[in-house]
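With these hints in hand, go ahead and build the complete structure from the sequences.
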Amino acid sequence: AQSVTQPDIHITVSEGASLELRCNYSYGATPYLFWYVQSPGQGLQLLLKYFSGDTLVQGIKGFEAEFKRSQSSFNLRKPSVHWSDAAEYFCAVGFSNDYKLSFGAGTTVTVRA
Amino acid sequence: SAVISQKPSRDICQRGTSLTIQCQVDSQVTMMFWYRQQPGQSLTLIATANQGSEATYESGFVIDKFPISRPNLTFSTLTVSNMSPEDSSIYLCSVVEEGGYNEQFFGPGTRLTVL
Chain A
1 AQSVTQPDIH ITVSEGASLE LRCNYSYGAT PYLFWYVQSP GQGLQLLLKY FSGDTLVQGI
61 KGFEAEFKRS QSSFNLRKPS VHWSDAAEYF CAVGFSNDYK LSFGAGTTVT VRA
Chain B
1 SAVISQKPSR DICQRGTSLT IQCQVDSQVT MMFWYRQQPG QSLTLIATAN QGSEATYESG
61 FVIDKFPISR PNLTFSTLTV SNMSPEDSSI YLCSVVEEGG YNEQFFGPGT RLTVL
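Sequence order for the protein chains is A and B.
The letter at position 39 of the first sequence is residue 39 when you use this note's numbering, and the numbering goes up by one with no holes.
The letter at position 71 of the second sequence is residue 71 when you use this note's numbering, and the numbering goes up by one with no holes.
Don't read these hints as lab results, they were simulated from the structure.
Source: prediction; values computed, not measured.
The C-beta atom is built at its ideal place from N, Cα and C for all residues, glycine as well.
Be a bit skeptical, because a hint or two may be false.
[Said to hold, decoys possible] Calculated pairs, DSSO-like style, for lysine-lysine (alpha carbon to alpha carbon, straight line, at most 27 Å):
#1 A:Lys100 <-> A:Lys68
#2 A:Lys61 <-> A:Lys100
#3 A:Lys100 <-> A:Lys49
#4 A:Lys100 <-> B:Lys7
#5 B:Lys7 <-> B:Lys65
#6 B:Lys65 <-> A:Lys100
[Unchecked claim] Just the calculated beta-carbon pair ranges, DEER-fashion:
#7 A:Thr5 <-> B:Ile63: 27 to 37 Å
#8 B:Val3 <-> A:Pro40: 18 to 28 Å
#9 A:Glu20 <-> B:Asp26: 30 to 40 Å
#10 B:Ser9 <-> A:Gly16: 31 to 41 Å
#11 B:Gly100 <-> A:Arg69: 15 to 25 Å
#12 B:Phe75 <-> A:Leu56: 18 to 28 Å
#13 A:Pro40 <-> B:Asp26: 22 to 32 Å
#14 A:Arg69 <-> B:Gly16: 47 to 57 Å
#15 B:Ser81 <-> A:Gly62: 41 to 51 Å
#16 A:Ser80 <-> B:Gly100: 30 to 40 Å
#17 A:Asp54 <-> B:Gly16: 52 to 62 Å
#18 B:Ser81 <-> A:Ser80: 41 to 51 Å
#19 A:Gly28 <-> B:Tyr101: 18 to 28 Å
Shown next, in the form of structure tokens:
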């Protein structure tokens, strides 16, 4: 079945430590890939996106993500986490034939001092 | 990116009533969508709001329960009808800008509680 999987429901990381959030997809073709962040009580903000080309993409707030076709993955990383990065992170996929997005279940990130 | 506003930002409603949520964009957009985010859950697409025609609903969502209007390229409404506590969710609208590649931009959401 077609799906977007975020294996980690909750991650706790120390401020200043690195962060990696996993995202895997199961689709016949390579989709467009996105990472969104949702801070408490807020809407979703687009962090970064991958359509084609360079498999390492840079986003806002110091985030980057790497597309690995062989692993059907699009993992999000940040070298040094700030307390303000505590939020819910969603991976999403879309296709060029329509504008719809399918979202993963989300990963909650807690940052400890 | 487009600036998207939603009204109301939150509401508490009684069972059996209806609530209309508005989504306003500051520029013309190609696509508008409505999502539901149940407590502690991810986003589920309710429907695509089509300008000047009936919305396109996803499986499990019907027009009688979630009527949607989109009279122009910058505005849409979602009505949650005959509400029950199970409708308590955050409702978000999103847009795809002209020339966009599926990247959707989201409004701040409407937090609905049904008693």
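Just tell me: holds or violated, for the beta carbon distance of Pro40 of chain A and Asp26 of chain B against 22 to 32 Å?
holds, 25 Å
Could one say that the CB atoms of Gly28 of chain A and Tyr101 of chain B fall in the range 18 to 28 Å?
Since Gly28 of chain A and Tyr101 of chain B have Cβ atoms about 19 Å apart, the given range 18 to 28 Å holds.
Range first: 18 to 28 Å. Now tell me if the beta carbons of Phe75 of chain B and Leu56 of chain A are that far apart.
Because 39 Å falls outside the window, the suggested range is violated.
Given the range 52 to 62 Å, decide if the beta-carbon distance of Asp54 of chain A to Gly16 of chain B lies inside it.
At 54 Å between Cβs, range holds.
With the threshold set at 27 Å, check whether the alpha-carbon distance from Lys100 of chain A to Lys49 of chain A stays at or below it.
holds, 15 Å
Would the hint linking Lys7 of chain B and Lys65 of chain B be met if the CA-CA limit is 27 Å?
holds, 19 Å
Check the hint pairing Lys100 of chain A with Lys68 of chain A against an upper bound of 27 Å on the C-alpha distance.
Measuring from Cα to Cα gives roughly 22 Å; hence the hint holds.
Ser9 of chain B paired with Gly16 of chain A, Cβ distance criterion 31 to 41 Å:
This hint holds: roughly 34 Å between Cβ atoms.
So the hint says 41 to 51 Å: do the beta-carbon atoms of Ser81 of chain B and Ser80 of chain A match that?
About 48 Å separates the Cβ atoms of Ser81 of chain B and Ser80 of chain A, which means 41 to 51 Å holds.
Cβ distance range 47 to 57 Å for Arg69 of chain A and Gly16 of chain B, holds or violated:
Because 51 Å falls inside the window, the suggested range holds.
Range hint 41 to 51 Å (beta carbons of Ser81 of chain B and Gly62 of chain A) holds or violated
Given a distance of about 43 Å, which is inside 41 to 51 Å, the answer is holds.
I want to verify a distance hint. Is the separation of the beta carbons of Glu20 of chain A and Asp26 of chain B within 30 to 40 Å?
holds, 36 Å
Going down the numbered hints, you'll see the structure goes against just number 12.
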